[in-house]
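On the provided structure of chain A, position chain B as indicated by the hints.
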Amino acid sequence: MKFLSVILQRLFYAAALLLAVIVFNFILLSLVPGDIADTLAGESGGASAEVMAEIRRSYGLDRPFYVQLGTYVAKVVQGDLGKSYYFNEPVINLILERVGPTLLLVVTALVMAILIGTLFGVIASKKPNGLFSHFVTVLALVGFSAPVFWTAFLLIVLFVAMLEIMPLSGLADPTTPRDTFAWYLDVAHHLILPVLSLSSIYLAQYSRLARASMMDILGSDFIRTARAKGLGDTAITYKHALRNAVIPVITIAGLQFSHIFSGAVVIETVFTWPGLGTLAFESILRGDTPTIMGILFFSAMIVVIVNLLTDLAYRIVDPRIRSARNA
Amino acid sequence: MRKLFTALTCAALSVAVASTAVAEPKRGGTLTFSYRLMAGHFNPAIASGTPTGIPGTQLFAALLRFDDKWNPHPYLAESWNISDDGLTVTVKLRDNAHFHDGHDITSEDVKFSIETYKAQHPFKPMYAPVESIDTPDKLTTVFHLSKPHPAILLAFSSQLGVVIPKHIYGEGDIRKNPRNSQDVVGSGPFKLKEHKPGEYMILERNDDYFMPGLPYVDRIVYKKIVETTSQTIALEKGDVDMTAFAVDPQLLNRLKKNPDLTLTPNGYSAIGPLEWLAFNTKNKPFDDKKVRQAFAYAIDKNFIINVLYGGYAQRSLGPIHPGSVFAPKDVNPYTLDLEKAKSLLDEAGYKPGADGVRIHTTLDYIPGGAAWKRKAEYVKAQLKKIGVDVTIKTSSDFRAWIKTVANHNFDMTLDSVFNWGDPVIGVHRTYQASNIRAGVPWHNTQQYVNPEVDKIMDEAGQELDQEKRKVLYQQMQKIVVDDAPIAYLHTSPYHTIYNNKRIGNPPVNSIWGVCAPWDEVYIK
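Protein chains in written order, with the working numbering: chain A, 3 to 329; chain B, 341 to 864.
The following block holds chain A by itself, in its conformation from the complex (with noise of 0.2 Å):
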């Protein structure tokens, strides 16, 4: 029962939260200059007055900023995102296009990153002036430190230019036949080179958080009472500590998750990747308004199903956090 009020309680938080991303991304938008009047009539090279007057009213820009807030509210509660300005096509579909594409990505990434970077980073704690270690720490600081679209650049040119092993750029071939096998092998190859660039981060992060947090808890006395218990060393390390070392994993597995349509645009824009990254950043660039804040609303309930996903995994993770919580 405490648990279904806790449930309903963030829910209710999550509502008035999407509403207020909305009002406050509505009213940015207003106060930046030009409209998609300016855009079609920049793209176009040139326009009359009579022209940009017609497709303002045509897409309801002329009237009051609150009728258009107010009509735009309205429309979202009833599930309707509207249409893009630009495309001419619902939003909603828009979106969905482009999620499936940014969440390979950036799922993909994110987990070979997790998996990966954990495991280097429990390797190196175990001999923490070792080799390895040291070559993880080299590792995390190229990775951490090297801007994504030039770590990006430098695989393009080994894996496409000089071994043409790799394609270079897009979801698959355009002339692949979509949904078959065929294609789905495409995408995946497609997909390597992006993933490899976006994980570089994540992988340095991964690795040295999962290395700090390993160091630290074999350190401490409970590790030291299984050891005296006679417990195997691998039942040590992956059973207990590692449990244990995961928390801070999880938690900036959450928080990343958030920044991941931010972090995969310069990706997708050197890819030319499908995503919604791209979508986004362009759709701003051109006063796309119903793209745009059908993106930012979409990102933001992603948020917000990710934070309480987070929070659920915390529990089954640490049975101290459920047991605090539910007292």
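A couple of the hints might just be wrong.
[Unchecked claim] Rough simulated footprint, nothing fancy, chain B against chain A, three-plus residues with beta-carbon under 8 Å:
id : stretch
1  : 46-57
2  : 91-100
3  : 172-178
4  : 223-237
Hints in this document: simulated from the structure, not taken from any laboratory.
These numbers were taken from a predicted model, which means no experiment stands behind them.
All C-beta atoms in this analysis are idealised placements derived from N, C-alpha and C, irrespective of residue type, glycine included.
Coordinates of chain B only, in the frame set by chain A:
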């Protein structure tokens, strides 16, 4: 050793293949084109701009097409005639043309298209003199004009005036018609097969195309590649066969060395892209012609062209692009002359102060490209030599810059303006006193007023005798260049790059270049 042998065999084979390759166009193949921009829709009747025009002219046919000498040729129109008084234009359609969905193309579609252009297209002057349109029979369209309008033939071509089907686009708000971007129905050489917004589109050969035997290519893949480096690698690897509007001198220099790739500045004369330094003639000190002239003298155009643009741009001397038949000939070129610039400023009463500075002013430039910033910095440095202190301003994005300039909130700005074929469409707008309209991009943003220039433009805009028209535009340009509301610098360094091992008949041999039908292009 064996490896070497294999390599040699391969080389020998490829030489053999190359030498037996026929020079004649042949059917088939996929052409991959990439561009950094991709439009939201491909309906040229409601938008101008090259991202709409490149695919738009493949999907939709126009009444006329133009060669590289500015001569009109039949396209959807079989014949056309302008009456002696210039007030009636009669166009006869060919009788074998169909839209992609099988419907016949009739004079009703022509009427509907031009009426749509008149109401919805950004360029008002194209069809402004069209008062009414008659359709006496299925294939004949008669345009009644309020005044003679020589620009109308160019307005009937390529991306300026395609024919759109009334039965598809005739209902409701055409801007919101979903078939501007999906299931597009035109009558051009290619049909839209697939379109992923902002990502790629696939065009397929229109087997029912009205030009016999054309097009040659089976499929066109149009990919958006934003990043210059990615674009370069794609061309070098052969992933992409062709790109257009390439400007980056570093990219051009690198690709020029590749024997498989051909770079050409041809095919941009109708678009007529010019880059210049504009003055707000209502702001001090630019209300004084001598100051504007002094600034024009202080800038070394050759330095900009050869050093900043690697020699890829071309000098432009006045309002009309050097590729046009109306290009300026006998105008002041404002060859670099710092002493003359200083004495003009002296004459205008702007003497150096104690710190050596005569004038403090500001300079805007188009954000988003390194080239613009470099040019702004050069102008600042050069003007410093004649005692002008320039503060460079930036805008957060392209839209913000448009807004700033369109609302006259600038002293000087670097700008890029296209001629769009006929001077009536893309040149008059910059100089007409009647076209000072705040909030509208690329109007007479300089707020330049000269009644004599207005008079000549009015006359030239209605003159059907091409030779007389040429004389009028020479007169007009001589005055404008002397008045110097703008310091003319150079053409945009646009280049089309194509893989010469793969592409035959690249679409570069007409005034519209890639913004014209690619029906004669073939894959070798």
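Verification of the hints:
1. Counting residues of the stretch 46-57 of chain A whose beta carbon lies closer than 8 Å to any beta carbon of chain B gives 11, which meets the minimum of three for the stated coverage.
2. Coverage of the stretch 91-100 of chain A by chain B holds [criterion: at least 3 residues with CB-CB distance below 8 Å; count 3].
3. For the stretch 172-178 of chain A, the stated coverage by chain B is satisfied: 4 residues place a CB nearer than 8 Å to a CB of that chain, which reaches the threshold of 3.
4. For a cut-off of 8 Å, the count of residues in the stretch 223-237 of chain A with a CB near a CB of chain B stands at 0, and the three-residue condition is violated.
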